[in-house]
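These are the residues of each chain, in order.
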Amino acid sequence: MNPLISSLMPELDLQVLMPLFMSVGGGVFLLLLNVGKGFSKSLSVAIAGLILAFSVLWIAFYNPSTDGAGDFLTDGASLSGQLFIALASLLLLLLALSKEKFSEFETPEFYPLYLFMVGGFTLMVSTDHLLLILLGLESASLVMCVLMALSYKSTGIEAAIKYFSLSVLAGVFFVLGVALLYLLTGHLDLSSVGDGLRSVFFHHEPRALPLFFIALACMLGALGFKVSLVPFHTWMPDIYEGNNPVLAGFISIVPKMAGLVVLLRVLYAFLNTESFVIDNLYTALIALTITIPNAMALLQKDVKRMMAYSSISHTGFALACVVDGAGALFSYWLLFLITNIGAFAILWMVANQQDAQQNSYAYPYERFNGLVQTKPLLAMLSAIFLCSLAGIPPFSMFWGKVMVLEQVISQHQVFLPIVMVLNSAVSAVYYLRLLVAMFFKTPSANPPSATNATPPLYAVSTAVAFLCVFSVFVLRIYLNSNQA
Amino acid sequence: MDALLPHHFLSVLIFFPLVACLPLFGLSEKHAKPYGVLVSAIELALVVGLWVLFDKDTGVMQFEEFADLVKQAGINYHVGVDGISLTLLVLTAFILFLLALYVSKHIKDMLICILLLEGILMGVFTSLNLIFFYVFWEVSLLPVLYMIGRYGVGPKVYSGLKFFLYTFLASLFMLLAILYYAHACSLALETPFNFDLETFNSVVLPPQVRLWVFIAFFVGIAVKIPIFPLHNWLPHAYGNAPVIGSAVLSALLLKMGTYAMVRFLLPLFPNVILHYFLPLSVLALLMVLYGGLLACAQKEMKRLIAYSSMSHMGVAVLGLYAFNVEGVGGAVFTMFSHGLVSAGLFILVGVLFDRCNSSKIVAFKGVAHLMPTYAAFFMVLLLANVGMPLTSGFVGEFLSLLGFFKSSPFMAFLAGTTIILSAIYMLVLYKKVFFGAEPSELYAIKKAKALNPLTCSEKSVLALLVAAVLFLGIYPKPLLSPIEQSVQVLLESLQGRINA
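Protein chains in written order, with my numbering: chain A, 1 to 484; chain B, 1 to 500.
Where hints are given, some of them may not hold.
Stated by the list, open to error - Chain A regions said to be covered by chain B (calculated; three or more residues, Cβ under 8 angstroms):
id, region
1, 338 to 344
2, 400 to 412
3, 425 to 432
Unchecked claim - Here are a few chain A residues that sit away from chain B, every Cβ distance over 12 angstroms (derived from the structure):
id, residue
4, F39
5, L43
6, L135
7, E138
8, A149
9, F164
10, A217
11, S331
12, Q354
13, N480
Unchecked claim - A few chain B residues that don't get close to chain A, going by computed Cβ distances all over 10 angstroms:
id, residue
14, I131
15, L141
16, G154
17, F193
18, D354
19, F413
20, L421
Keep in mind that the hints were calculated from the coordinates and are not lab data. Just so it is clear, the structure is predicted and the values come from calculations on it, not from any experiment. Ideal Cβ positions, reconstructed from N, Cα and C, are used throughout, including at glycine.
Kindly produce the complete structure, drawing on both the sequences and the hints.
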């Protein structure tokens, strides 16, 4: 047998691969289904939702009895990553059942592609083999570009092209980084790569060191693009702008989750060398990732762009945990996932056809003026999400921030916690600005209304709002099940 | 019921108002008031029940409850009550009951805020886990922000945001201090993170970091009280808040700061406070003098009372630094008494504001002719604010100053000028508003039919407040003895740490 194949898949463990097979197989099934009959949106959503719900349950109750199959891992990072990807995809998919008809959700291709994309991201987090990661990365990114382009907004095409060209660039960097790592260590699975790098570093091979740093730069560039690490973050706001809130929410959560897990594995291999240069470089990058987008978010006039910048800043918080075993990373991301889905669901509920025609800046702050008087329930829900995002206790992100700060402080860091705290205060300003518009301003001539709201949308956002309020219990359940 | 209630008494106190405020969202304005008054009356009855069941012979924590929440992160639910907390619980329940009774405009929203605050403040005053304390401490900002931003006067959004952001940033530093302290504890005891006050109490920070952690903690608390020079938000927030908001701010939210000082700063950092006794006392003294002088210069009644609050709390803070039973006990008593008095004064201003839509001093003249009962209530509360013997204001301030006199007679003397200063600004205010109107002007006011006599609910609220003020002024023992018991326990536990 081909040695590469045999190293990838010594045995086919269906149990481990089940979530991946489910989403890809489900996508194929949906494609076939839509060939025969006329396309029905609700049926597609229902089937895709069932598949995703089933994967959520499968991953949540999967008991890792083995060490995984070949290069497919069943460690905490892999399972949590898959779980969050499936969960977020499921919740966001339900938002497709909106009142107004938007072209992207009315095409039969959307739902199979969506499942393929989820499959790609699942593949990315469930393996530590660099080639498989690349496979997942590329397939998911390609599908995502198509989904972006399905919208008939002109900015949708722009976003798709932008995302496509940048992800090609990131892919190139990734391949280059993988090649260099192979050159340095002769391995493609990250655990062996880590050991190899360690020995390279400790033996101070003079010719290897430049390669080592170039490889690091390539990997950081490639994955930094995925997780929007500063300075690779500039694409993010435009992509948000060009997409409807559902896809924007997806982009803010799922690809980043996948990127974070891969970054965690890759950086672990590098940090394993215990070089303080990398430590310091990484600390500086995190500080920048938290601070710069935060300052940019302060300047935005459009809520969706503000959300884009602020989500980059949140990624910075999560990235801070990567250095040390990532205990808090998943807790943070779980809470962020819940909150951000809620926030985008709110944007989605007030969406209407004119937004799709409008080129940009469809969500200025003024649009929400006096929401509490016209739609009190919507305003209350958004208040919960915005307070959560701002890190006001007892709502979700506060607990995430406490977990992150605990972890960072226990590494004897002083600089990062102060940066984080100052930025939390700054972020409160722009989240509060939206709250001020909703609660304290008087409604304009055409008051904000929930044109796109349907019972499923209300159900999703109420459910996540509930989770935000009681997120300390969410955290408890997640952490307890994780330990078992 | 008998068995269940004592075990979960404090949880019921905390979560009953939070849950009970939910039906309010669905009620109409008309039905909201009886419902809100009923809920706050039940809460008051519960607190009185706690008072009765509370063992007043010891100063240790009682009614403790403990539950693991997120064990991995050391976040536990741990509440308990001692004499100091009990005093503030009584104050909270009493004041919020009166405010629920008083509220006359935007009834539904105000009552939702009041009930939310009630639960939150119960949490603040009973939490023994610092993260949970922080949660309640921080979330208390939201109802107040809503009150100011939605129903305030003038540049209300600006004032609300200023208040919120000031306190939010400062509290974040406090959070950092809490986390750092917990980290130091986990290093010293070789345990995972734990935020319980007991754990914190068992560890003394190494001297090199002690000061920084103290400063971060102190800043978080100082903004709330507010200690000079972090009082910048105060005139805006108080001046532009609706009356209920100002009353809640000065009667209860301000007390959160001084309570945090008693509960956390004194036991955790006694040696820092003693080492930096002079600068810390000077800051508090500046609060007293500067606040008093600013109060003299105010042209608007709510701001005047706000600065007067700052000035009086300065005396309480000085009492805390005295580290003896008189000083600390007196400070806690001052918190209670000042809560009653300032809530009363703000309600009195609110009464005028409801009738004439203004709270400027120049807008009024000769009110005593038209509203004699009102003028009498005002006079009693004014005297209590000044610290007249036989009112509750006297007991607390006298004890605080007495305690502080033992540490620093000169500064105690300077702080004593608060009584003179407050007599000046309060009596001048009284003279301008209540006396001396031309007959023709009086006629004009009467013609406008603005100054109606007090309504029944206003009368009952004010009568209850005045009764409490006078009762505690004449017979402070029921409140003072549990306070002193607990302060005694607190100070004994301090002694070991001071020498460490």
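Now the hints, each set against the structure:
no.	hint	verdict
1	338 to 344	violated (count 0)
2	400 to 412	holds (count 6)
3	425 to 432	holds (count 4)
4	F39	41 angstroms, holds
5	L43	37 angstroms, holds
6	L135	35 angstroms, holds
7	E138	37 angstroms, holds
8	A149	41 angstroms, holds
9	F164	40 angstroms, holds
10	A217	33 angstroms, holds
11	S331	8 angstroms, violated
12	Q354	29 angstroms, holds
13	N480	8 angstroms, violated
14	I131	7 angstroms, violated
15	L141	8 angstroms, violated
16	G154	13 angstroms, holds
17	F193	6 angstroms, violated
18	D354	22 angstroms, holds
19	F413	40 angstroms, holds
20	L421	35 angstroms, holds
Hints 1, 11, 13, 14, 15, 17 from the earlier list are contradicted by this structure; the remaining hints agree with it.
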